[in-house]
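> Quick mapping for you: the protein sequence lines, in order, are chains Z and G.
Note that numbering that gives the first Met the number 0 numbers the first sequence so that position 76 is 75, with each residue one more than the last.
Note that numbering that gives the first Met the number 0 numbers the second sequence so that position 70 is 69, with each residue one more than the last.
Errors might be hidden in some of the hints.
Below, a list of computed lysine-lysine pairs in the DSBU-like style, where the Cα atoms sit at most 35 Å apart [unchecked claim]: (1) G:K164 with Z:K149; (2) Z:K5 with Z:K78; (3) G:K14 with G:K3; (4) G:K94 with G:K3; (5) Z:K78 with G:K94; (6) Z:K151 with G:K14; (7) Z:K78 with G:K168; (8) G:K168 with Z:K95.
No wet-lab data here; the hints were simulated from the structure.
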Amino acid sequence: MGIEQKLGNMGVVTTSLEGMVNWSRTNAMWPMLFGLACCAIEMMSAQSAHYDMSRFGMELMRASPRQSDLMIVAGRVSKKMGPVLRRLYDQMPEPKWVIAMGDCASCGGVFNNYAIYQGVDEVVPVDVFVAGCPPRPEALIHGVLTVHEKVKGQKFADLAKT
Amino acid sequence: MDKKLEPIIKAVQNKFSAAFEEFRGEVHLFIEPDQIVDALTLLRDEHSFELLSALTAVDYHPQTSPRFHVIYQMTSISKNLSVQLRVPLSGDNPKVPTVTRVFSMALWRERELLDMFGIEAEGHPDPRRILMPEGTDGYPLRRDFPLGYEEPQFTFNFDEIDLGKPYAKE
């Protein structure tokens with residue numbers, strides 16, 4: 000089934016600009032290659048042929064923050080890594096989203112101590128938290144789809160306010 | 000204790016009047032802070048202890064004098080021997096002379112000593128913190144350093160802890 004079946008005789012589709020822009024944002028969302036610990040293994044697995052995150056337009060993990068829209072924080076963030084994480088986030092172009100993957104990134108996990116941030120929401124604003132230690136690739140993909148839902152519901156009026 | 004170790008212990012004891020202790024075959028020699036450089040040099044040059052395999056410390060907190068023991072673990076690869084030198088230090092303003100001129104591996108180990116225990120190595124060429132970021136308060140491996148960093152958030156205390164959380168801004 001292609002778009003030509005929906006075009007009709009006029010060759011025209013009507014949609015809202017909002018819906019169009021949000022659709023294009025969700026279906027070419029490039030995550031940043033940012034593995035910090037064991038969660039990165041599951042993230043790689045989610046990319047691989049078996050789970051295949053490229054079904055959702057995410058086959059490219061960009062090694063540069065300037066080319067990516069989504070930051071997947073995969074692992075615990077130490078106090079020394081925090082400023083680096085913030086700097087990478089600041090280098091990403093707008094609009095951008097953050098997934099805190101796994102327990103360590105979400106709330107510190109088992110590392111309740113002096114060296115680890117108790118949740119990366121102390122460093123960057125987080126859109127979706129994915130629970131699990133580490134979360135399975137399915138869980139990560141569910142998290143990504145949750146971000147997609149959030150993006151699809153975005154209104155231009157709300158963006159103008161912030 | 001190893002038979003080969005006995006003359007070496009005697010030699011060190013004679014020269015530095017060091018107290019000697021044995022625990023499960025491990026030999027500890029207690030040395031004064033101002034003699035540690037000479038003791039390490041003696042062991043390295045005359046008794047073929049080529050390797051300083053560990054440099055660390057122990058905190059015996061509520062005990063105040065000595066509160067810390069700085070530990071120099073020496074290994075002789077050629078003779079298959081090991082001996083531990085301990086330097087007892089009091090709790091306020093603990094300092095040891097640097098041993099970087101004897102063993103250059105002490106460069107990073109003494110920075111770790113400063114970072115984790117707040118024990119200063121006098122004369123160290125680069126006395127910065129090594130593991131924690133600059134501007135960290137306190138010394139994490141001291142016994143009086145708070146164990147946890149944040150109280151776990153449960154249903155009953157969620158809001159209370161949430162108020163104090165330092166959330167990031169856009």
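> A separate judgement is required for each hint: does it hold in the structure or not?
How the hints compare with the structure:
1. G:K164 with Z:K149: Cα-Cα ~24 Å, so holds.
2. Z:K5 with Z:K78: Judged against 35 Å, a Cα distance of about 53 Å means the pair is violated.
3. G:K14 with G:K3: Judged against 35 Å, a Cα distance of about 18 Å means the pair holds.
4. G:K94 with G:K3: Within the cut-off at roughly 33 Å; holds.
5. Z:K78 with G:K94: Holds: K78 of chain Z and K94 of chain G sit about 27 Å apart, inside 35 Å.
6. Z:K151 with G:K14: It is violated: about 79 Å lies between the C-alpha atoms, which goes past 35 Å.
7. Z:K78 with G:K168: Between K78 of chain Z and K168 of chain G the Cα gap is close to 17 Å, so the pair holds against 35 Å.
8. G:K168 with Z:K95: holds, 14 Å
Taken one by one, the earlier hints fail for this structure at numbers 2 and 6, listed in ascending order.
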